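Undergrad: Using the sequences plus the hints, can you model the full thing?
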Amino acid sequence: MKRTLGTCYYPEHWPEEIWEADARRMAQAGLTWVRIGEFAWSRIEPEPGNLNWDWIDRAIEVLAAAGLKIVLGTPTATPPRWMLHRHPDMLAVDAHGNPRKFGSRRHYCFSHEGYAQECDRIVRLMAERYSKSLHIGAWQTDNEYSCHDTTLSFSEAASEAFRTWLKERYGSIDALNRAWGNVFWSMDYDSFEDIDLPNLTVTEPNPAHVLAFRRFSSDQVVRFNRRQAEILRAHSDAPISHNFMGRTTDFDHFKVGDDLEIATWDSYPMGFLEDRVEAAADHKRAYARQGDPDFQAFHHDLYRAVGKGRWWVMEQQPGPVNWAPYNPAPLPGMVRLWTWEAFAHGAEAVCYFRWRQAPFAQEQMHAGLLRPDSAAAPGLDEAMQVAREIADAPDASTASAQVGLVFDYDADFAWTTQPHGEGSSYFQLVFDTYRALRKLGLSIDILPPTARDFSGYKLIAAPGLMHIPEALKRAFCETDATVVLGPRAGARGPEMEIPVPLPPDLPGLDVTVSRVESIRPDMPMALSGEGNVIGYREELETSADAMFQLKDGSPVAVANGNLVYMAGWGDQTALNRLFSSLCNTLEIKTMLLPEGVRVRDTATERFWFNYRAEPVETPVGVIPAADLVRQAL
Amino acid sequence: MKRTLGTCYYPEHWPEEIWEADARRMAQAGLTWVRIGEFAWSRIEPEPGNLNWDWIDRAIEVLAAAGLKIVLGTPTATPPRWMLHRHPDMLAVDAHGNPRKFGSRRHYCFSHEGYAQECDRIVRLMAERYSKSLHIGAWQTDNEYSCHDTTLSFSEAASEAFRTWLKERYGSIDALNRAWGNVFWSMDYDSFEDIDLPNLTVTEPNPAHVLAFRRFSSDQVVRFNRRQAEILRAHSDAPISHNFMGRTTDFDHFKVGDDLEIATWDSYPMGFLEDRVEAAADHKRAYARQGDPDFQAFHHDLYRAVGKGRWWVMEQQPGPVNWAPYNPAPLPGMVRLWTWEAFAHGAEAVCYFRWRQAPFAQEQMHAGLLRPDSAAAPGLDEAMQVAREIADAPDASTASAQVGLVFDYDADFAWTTQPHGEGSSYFQLVFDTYRALRKLGLSIDILPPTARDFSGYKLIAAPGLMHIPEALKRAFCETDATVVLGPRAGARGPEMEIPVPLPPDLPGLDVTVSRVESIRPDMPMALSGEGNVIGYREELETSADAMFQLKDGSPVAVANGNLVYMAGWGDQTALNRLFSSLCNTLEIKTMLLPEGVRVRDTATERFWFNYRAEPVETPVGVIPAADLVRQAL
Amino acid sequence: MKRTLGTCYYPEHWPEEIWEADARRMAQAGLTWVRIGEFAWSRIEPEPGNLNWDWIDRAIEVLAAAGLKIVLGTPTATPPRWMLHRHPDMLAVDAHGNPRKFGSRRHYCFSHEGYAQECDRIVRLMAERYSKSLHIGAWQTDNEYSCHDTTLSFSEAASEAFRTWLKERYGSIDALNRAWGNVFWSMDYDSFEDIDLPNLTVTEPNPAHVLAFRRFSSDQVVRFNRRQAEILRAHSDAPISHNFMGRTTDFDHFKVGDDLEIATWDSYPMGFLEDRVEAAADHKRAYARQGDPDFQAFHHDLYRAVGKGRWWVMEQQPGPVNWAPYNPAPLPGMVRLWTWEAFAHGAEAVCYFRWRQAPFAQEQMHAGLLRPDSAAAPGLDEAMQVAREIADAPDASTASAQVGLVFDYDADFAWTTQPHGEGSSYFQLVFDTYRALRKLGLSIDILPPTARDFSGYKLIAAPGLMHIPEALKRAFCETDATVVLGPRAGARGPEMEIPVPLPPDLPGLDVTVSRVESIRPDMPMALSGEGNVIGYREELETSADAMFQLKDGSPVAVANGNLVYMAGWGDQTALNRLFSSLCNTLEIKTMLLPEGVRVRDTATERFWFNYRAEPVETPVGVIPAADLVRQAL
Ligand SMILES: [Zn+2]
Ligand SMILES: [Zn+2]
Ligand SMILES: [Zn+2]
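Protein chains in written order, with the UniProt record's numbering: chain A, 1 to 633; chain B, 1 to 633; chain C, 1 to 633.
The hints are simulated quantities; they were obtained by calculation from the structure and are not laboratory data.
What you were told as hints is all true, and nothing was included just to trick you.
Heads up, the list lumps identical chains together, so a pair's fine if it works in one copy or across two of them.
Dumping the calculated DSS-like pairs for lysine-lysine here, alpha-carbon to alpha-carbon at most 27 Å:
hint, residue 1, residue 2
1, LYS101, LYS167
2, LYS473, LYS308
3, LYS2, LYS308
4, LYS69, LYS2
5, LYS284, LYS551
None of the values given here were measured: they were computed from a predicted structure.
TA: So this is what it looks like as structure tokens:
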């Protein structure tokens with residue numbers, strides 16, 4: 001499949017007179033896709049039951065006439081104001097008990113059946129009207145589930161749905177009390193009706209209660225999406241997508257992905273650097289106009305997995321955004337670099353958000369490819385350059401990776417429920433691991449926790465898997481790949497309880513975690529040799545070979561057969577030692593990349609990216625600042 | 001008019017037996033004014049309709065008999081407890097939806113009509129009773145509007161009043177939807193009744209919605225004050241004043257000032273330094289016992305403008321206060337210095353808050369001129385020294401300034417609504433500009449955004465004017481003065497939208513802001529030569545002459561005819577370069593003042609103030625710590 | 001009385017089959033006591049009125065059969081879920097007005113009479129059933145009053161009870177208005193019914209109002225406990241205890257102690273270091289695996305006073321806890337050291353919390369003496385070593401201290417109400433004083449503010465006593481001991497008012513505090529000679545001898561007869577100077593102890609403790625890391 005570009009367009013924001021010129025200009029710029037519709041409910045249905053599709057019909061015609069293909073979004077992320085007259089209790093409620101009111105977007109509770117039925121209705125109407133259109137190249141459900149912290153809702157609707165979910169999961173209240181250990185602190189329930197959501201408790205609620213609520217909340221998102229996907233699929237053969245948001249971990253993207261043909265994500269490298277990357281100020285300064293060198297790549301690899309191979313960037317930052325603490329302009333070249341990096345990781349398409357900067361409302365300071373006065377913004381030139389470059393580049397493809405990295409949303413729920421030490425985060429642990437592997441020049445596949453067949457991989461990293469189902473434990477033990485587990489591997493049973501025998505309890509790995517501790521971040525524990533354990537450490541009972549130890553001789557990384565256990569949170573130096581050594585043994589070729597330089601392979605090419613603000617000397621020559629080199633494989 | 005001193009007195013706090021001695025002692029100290037009444041409603045009207053003016057009558061007689069003149073305050077800042085039985089819904093509501101309860105002060109919503117009528121009633125009764133008294137030298141309405149963040153209220157009363165205000169402003173709901181760009185995210189309203197206040201939304205509300213709410217809230221304060229002013233004016237010829245609070249920008253003081261004869265403000269230099277001045281710790285340490293060297297001066301100049309020339313300090317800090325994070329004692333000499341500084345900026349009167357420290361309630365740790373045991377506190381001596389000094393000093397007067405600085409509350413509302421970068425503030429931008437001008441030894445006039453005639457000024461600074469009405473744009477272009485604009489000049493239309501053509505769109509200034517960015521505060525952008533742009537920067541398309549540039553050649557300050565555009569937030573070094581150079585060209589005489597030294601001219605004298613804690617060598621000789629020199633002009 | 005050890009056990013958490021083995025293992029480990037019952041209400045009374053004591057009967061029999069003695073706790077800290085059906089309004093309410101919901105523990109308002117009667121009922125039933133049991137060695141009321149900030153409740157029940165309390169205290173509303181100074185800001189009340197709790201006010205409420213509410217809230221805890229104590233005492237001769245929590249100062253522990261025979265406290269040295277000790281990061285790093293060297297000792301001495309000589313550690317940390325920001329493992333030796341330190345301060349018993357780590361619910365990460373898999377955790381060995389050591393050690397006893405330190409909860413309420421400077425805390429002031437005295441090698445008695453007879457003491461330190469009743473002033477003046485007072489001594493009258501004559505107004509001490517100031521913590525005020533005043537200072541009018549002064553000559557410590565006044569908050573150097581000099585004069589022998597080393601005497605021995613992570617040279621030889629030396633006296 002040829003790589004393609006696109007953009008996000010809001011015909012309803014502009015006078016109809018300029019649609020045609022816009023469409024022509026998009027096509028001339030080399031764009032293929034235009035996403036429309038996803039926030040337009042108030043214009044599609046200005047009053048309940050009064051549908052106004054005409055303008056969408058015309059917009060599609062105008063765009064298609066210019067040769068563009070449409071991604072049509074369901075408008076359910078922005079219910080119109082009148083929806084609240086019909087469903088006054090549809091709003092989500094925050095953890096303090098306040099309703100999350102109308103006046104922006106995503107003002108609905110995933111558990112509200114009345115609103116869900118309204119969504120069924122509008123999606124069905126949309127599907128009926130447009131499923132036969134040849135211009136519709138893909139669908140998008142809703143927009144950025146969970147954005148603005150909207151997965152968890154403490155509404156009455158959520159309470160009721162949670163109780164139903166609990167009944168299904170546990171069957172009897174006694175079973176629930178046993179599973180959660182409610183004998184502790186006399187928390188026993190007599191009836192499912194007595195169970196509240198775990199907010200506003202005097203001190204922390206039962207972690208089993210919290211984990212159940214997080215799993216329930218994730219399931220509500222999956223179900224909400226599935227209703228839309230099923231309706232669309234019943235009417236249309238066009239692929240269905242959803243645009244996920246960066247570092248959003250409170251619902252299971254793999255499960256949502258199971259109901260999609262294409263996973264897409266919204267890539268805002270500079271906003272994310274300020275907002276969602278945990279890093280020291282000097283790192284943020286060094287990459288303030290480029291974004292973190294690994295953050296996009298991680299998500300590219302993640303959504304390739306979520307989309308079972310098919311994935312796009314649906315919203316690509318084209319200039320300064322409006323929503324981060326600070327919103328600088330990117331270095332010249334970065335829009336091109338970001339776009340190519342997505343293709344290097346196997347993206348089929350990259351769409352820029354948005355075509356023209358809107359002069360009004362919340363995102364008035366969000367750059368587009370065009371300025372509000374329709375002049376070209378700097379990003380447009382770079383997009384056009386990529387369009388020219390992909391014209392004679394190979395088709396979309398991806399490397400056959402030797403290294404897999406397991407990412408498990410349920411583990412994130414468990415870590416969030418019980419970080420043990422302040423600031424400890426599963427995402428960060430996995431991302432640290434990813435960064436260490438990437439700095440060795442490796443191309444990585446991200447794998448879901450449902451993976452059982454690891455053939456083809458030489459090395460699997462699966463840090464922080466708090467609960468490991470038996471079948472996955474077996475798969476880890478039986479694969480030919482080397483599997484790196486820990487810290488906290490199998491630290492909890494299915495209900496957030498500490499299992500006995502103590503963790504990790506892996507056949508073939510003689511390791512018992514006898515005690516765990518969290519440590520002040522300003523107290524790194526030095527290894528013999530270079531590197532440190534930071535923040536979290538485990539004491540082991542083990543006869544396995546120590547790969548490295550603390551200065552006092554306590555084992556930190558131990559190996560037993562194909563299994564390696566990491567008894568703490570290693571810093572980058574420690575992780576580099578670990579993976580260099582393993583790759584060396586496994587004959588996986590690594591490189592020591594210069595600061596800010598990263599590589600990624602497709603089936604036919606190796607891409608070299610320089611994220612730094614100055615030229616860097618590399619094995620393929622000097623790469624200018626914010627630039628890339630394509631090397632044929 | 002002779003300069004005068006005064007104090008704030010609460011006869012109701014003290015046994016009637018000591019009033020006479022207090023009055024005599026005030027007069028002997030050289031005081032002229034005594035402000036009373038402004039928190040006394042529960043003693044004036046102990047139960048609804050049961051008026052008890054007698055004690056005020058007697059207090060006025062006793063004070064007047066000692067030769068003092070009265071400023072009589074309306075008591076509306078402190079409604080008695082019984083008021084809540086009559087108007088249970090009169091309380092303001094905070095942004096989280098909690099009522100702001102009885103038990104301190106300012107517990108009312110400006111939009112509550114029932115309470116407003118109670119205020120009409122008590123003000124009318126007070127005006128009727130005292131308007132013929134020769135002892136009443138001035139009135140004061142209420143006390144410190146907006147103090148304790150009381151301008152914005154999210155009450156039901158505010159909701160309803162806001163809808164009425166919107167109807168008046170926009171006429172039709174379609175006009176409002178268009179003006180706000182509510183097509184974005186399907187935020188269209190069908191009816192004014194559907195519009196809520198912009199709190200508790202899922203993510204940020206529409207900035208146009210927020211700005212409208214801020215303008216409305218400001219108008220509510222103006223109207224509230226106007227009702228009192230009109231009642232007082234109908235009965236009395238005495239001038240009407242209100243005591244504004246330092247760095248309070250959420251209502252338009254100029255508009256309130258239009259209904260007053262005299263603007264007054266409450267000057268707490270040390271409390272403000274800890275609490276409201278944005279500065280590094282070393283600056284706060286250096287001036288911890290003196291206050292910031294520019295903060296008081298700025299407000300003096302501001303309220304001279306608000307009072308259209310007539311202004312007082314109504315509450316002057318006389319010793320340690322109780323309400324700042326830390327409350328040190330002032331250096332000996334500072335009470336005198338602060339008082340003289342007010343006179344240097346043209347004050348008619350300075351009143352100390354308060355006469356005697358109250359041993360009870362919230363302000364028990366707030367110093368007075370007397371200690372709770374009636375012994376003289378250190379401030380009294382300094383006040384008496386000033387009283388002696390003004391006896392043979394010239395009348396109140398002010399310099400004929402060559403430099404004007406525009407301050408626009410509406411711009412502050414817009415910046416607050418959309419700071420773009422974290423911590424960015426319009427007040428701070430204007431204050432940085434003021435400080436840079438002051439450090440050049442200049443006397444400055446602050447000008448309202450309604451100013452159109454700039455004759456007499458050589459230089460006008462108008463930083464950060466987010467919206468510039470056409471008439472003001474014209475005035476800037478047509479004046480003979482040099483006008484310095486930007487950053488963000490004309491960056492928004494009247495409804496918070498980005499205008500097309502792009503800003504600043506000033507006739508005669510070939511500048512287009514093509515892109516803006518906010519930057520981490522730890523990433524200063526160095527100029528060629530000295531100085532930096534910090535936090536906020538604009539990219540320009542321009543043929544105008546660059547006064548200075550970034551090291552990469554991008555223009556930062558450009559000049560075109562009489563207009564200068566500043567495309568970013570300059571640090572003090574950059575601003576010093578800018579204004580030194582302009583003053584040089586304009587033949588405005590500047591001085592390079594030593595750290596902590598400031599000057600200010602009246603019609604006849606130049607005052608030199610040393611804010612430092614050690615003696616400083618100056619062109620008029622060594623000025624001791626916390627002292628001043630008067631130099632005849 | 002022989003020193004003993006014990007543990008906290010939850011038979012309801014474990015299969016009944018393993019109780020016997022557990023009991024045998026406890027006895028073999030040398031434990032004497034086992035505390036049970038305190039969170040078991042839902043298993044004692046699974047539904048209202050359906051009592052199930054059988055399992056407790058059996059647990060007691062099994063434990064007693066192994067030779068263990070029982071501490072039986074009333075289960076009132078954890079009302080079962082069904083209680084809320086009977087008393088929906090029993091929950092406490094936080095300062096924002098949100099109910100503090102079911103789902104953890106301590107979910108009750110101390111003022112709710114309905115719940116209090118349920119507690120009467122269950123305590124009476126428990127007392128009736130077990131008072132004749134010879135196995136019950138002691139009772140415990142509830143668990144950790146105030147933990148999780150549960151003393152203050154803003155519920156309707158608390159409002160009503162507060163009004164009743166106010167009526168009792170003030171008699172008439174006029175008296176209350178006068179006492180509080182409600183004339184200020186028109187805060188006068190017409191009726192007790194109009195008085196709300198002091199939350200959600202526009203700005204700070206009247207400090208007299210806040211102090212009254214804090215005193216009321218403390219009294220509610222005292223009354224709640226007294227009801228239980230009276231019921232238990234009516235049925236049983238066994239001593240009654242309550243387990244207080246470290247650094248919990250919002251109710252009067254001495255008053256609760258008056259209703260107990262034994263005071264106990266819950267000692268978590270490492271959790272407290274991270275969570276409740278105010279210290280710089282390097283101190284926290286140095287003691288991260290040991291706990292603060294003075295924090296436990298302070299509480300040991302405090303609860304010896306609260307228990308009028310009889311006191312225990314009811315919960316001793318045995319390994320990592322779960323609830324601090326970071327939860328490291330203790331150094332080997334610390335569990336033994338902590339235990340011996342309690343005995344050195346006179347503890348009768350030390351009980352480890354808990355026997356076996358629970359694999360479920362909130363405390364699943366809290367270490368026990370056993371791991372979840374029943375293997376011995378590292379703490380068990382150390383406990384067993386202490387058990388062997390106490391077998392041939394002297395009986396419990398305590399030193400006859402020459403130094404007394406007054407601790408007054410009411411002073412803490414007043415400082416909390418009005419800290420004057422940010423971060424200022426009475427607890428910290430007293431703790432700083434305690435630390436300075438301890439670093440001189442002194443054994444200290446903590447004294448309640450009701451102490452009047454100071455015979456036997458040579459030195460009394462009583463810092464920060466905001467209000468000093470006349471009788472205590474007299475006792476200070478008449479004792480032979482030297483009494484160190486200030487800062488803020490007698491700074492307030494009984495109703496939070498500033499007294500006239502000004503403080504401290506002590507007969508025989510010619511000191512008047514003429515002015516006070518709070519200072520930025522980064523502005524230490526240097527003394528002549530070593531040391532500083534930090535954060536808070538007073539200006540004095542005095543003819544007394546200055547012991548030391550600021551560099552500008554202002555007196556800081558002055559002496560007059562047996563009274564010493566400290567006019568500011570001294571750092572450790574200043575306090576060392578003060579107390580060294582006084583001890584020298586008073587012929588109290590002091591030592592200069594190495595960093596991290598502390599001593600404490602019993603009647604027969606001097607204990608030397610090394611809190612450091614490395615060996616330290618001391619007068620009794622090198623003490624290894626985390627170890628102790630017992631020296632016969
Ligand atoms: Zn988006
Ligand atoms: Zn004031
Ligand atoms: Zn406990």
